[in-house]
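Residue numbers (our numbering), protein chains in the order written: chain A, 1 to 257; chain B, 1 to 246.
These aren't lab readings, by the way, just hints derived from the structure by calculation.
Fair warning: this is a prediction, and the values are worked out from it, not measured in the lab.
In this text, a Cβ means the ideal position worked out from N, Cα and C, and glycines have one as well.
With the Cβ distance kept under 8 Å, some of the chain B side facing chain A (calculated, not the full set):
hint, residue
1, Lys114
2, Glu115
3, Gln116
4, Asp118
5, Asp121
6, Gly124
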Amino acid sequence: MIEVKDLSKRFGEVQVLTDISAQFYKGKVNQIIGKSGSGKSVLAKCIVGLHKPEKGQVLYEGHSFHEMTRDEQREIRQRIGMLFQGSALFDSLTVLQNVMFPLQMFAQLSKSEIEERAHVCLKRVNILDKDGLYPAELSGGMQKRVGIARAIAMTPEYLFVDEPNSGLDPQTSILIDDLIKELTEEFNTTTIVITHDMNSVMETGENIIFIHKGRKWWQGDRDQILNSDNKELNEFIFAGGLMRMVKRNMDREAGRP
Amino acid sequence: MTIFYHIGRYFLLLKETFSRPERLGLYWKRTLEEMDLLGVKSLGIVALLSFFMGAVVTIQTKTNIDSPLIQAYIVGFAARQSTILEFSPTIISLILAGKVGSNIAAEIGSMRVKEQIDALDIMGVNSAGYLILPKIIASMLMNPFLVMISMFLSIFGGYVAGIATGIVSGVDYIQGIQTGFVPYHVTYALIKTVVFAFIIASVSAYQGYYTRGGTREVGISSTRAVVHSNVVILIANYALTQMLLI
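Next comes chain A alone, as it looks inside the complex (with noise of 0.2 Å):
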């Protein structure tokens, strides 16, 4: 389990994150959603340390990471899995070594067992085929699956996902999301995903945490939030046609006019 603690972050004169106090379960796909420029990816920055918050604690296991020597800390870090927004896959390496890299990196595995490893996380993510290819010759969605196949390489305890959905059509985010639930239950981790995708909570979202003007204004899970009557999160979830559309059936059937 992670937990934060009372987290604050400013940059210069603007103040990011204020007092954010939340729980990220193990084994629940937890969620942060929120408008661009809420806080939430910054608040995912200060989780697996990036940023440094000015106040407030991040908890692994109840160890506070910000507090812990240069070595713990890359020792946790060596327990995160992590996909970016953009995949952050690296250019010059093809799809297998790309894989292969925390591997070789920090496995005390010989080079034909990394190379098996890297091979079962390709096929993990159904992108084995292409382990010869350079990120550039891959389609968005295909880079979203190298990703995490490389952030799922060291079979990590926390995996983090900065925006799985962002530039991939709706069928495409489906399966990134339907692969996202699965690894959090097959390797039974804390799952941290930063999404404003609504379809992607509605699908996923067992412990969402939504982030306005960088607090945290409301927490729950996915069968709580259609009937929430908090302003701003209804603001936020009913924002898209699709969702408006929900909303009306919601309110046709509660007999709301």
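Go by the hints and put chain B onto chain A.
Chain B in isolation, oriented as in the chain A frame:
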């Protein structure tokens, strides 16, 4: 005050760069790749520049000291001295700052804006060490070879130009390049080259590593890498010359 901020951050980055590598084998493999990219692939431009600069120096020396009181071999002597003391170590380093420095800043800067450096950090890899250390080592190993090749080609270019234009005979030119030769001057040139190589790789990597924004900022970092490397090389050149020659 900004300059002190950058100097401090530069040294902190160096500290990070020289901290313990995770896997020596991988670092060595990357160093070999960088030696090819930064060193071997610079050979063409270095050779071309050196040959023609040597030729031009020879012709200009002759036309400027065309006096019956000055012996003919002086042309070879002047070409050798200017090549070994200044042209090959300093001018070639300035040229390499343009070619290699911009390459380093653009590569690392692109990795930064595409979140690839964040990806390394999150994996627990020392991103500064993994990306920058092989480039520094590769530059420090390869640039002395480039400069030695430059010295030879520049002096040879002067010889060819002298013969081709008839301004100096081959015998006089060779006598000139042998006259008053001080082997320490080659050592001095190579010491300068190694220091300049460190400056080029580290200053350019610093610019790339702290790039923020998008492709426009990568371009700005590249330009800064060249300008800042050149300025630091010129200052270091003065300091080293004073320390090593006086």
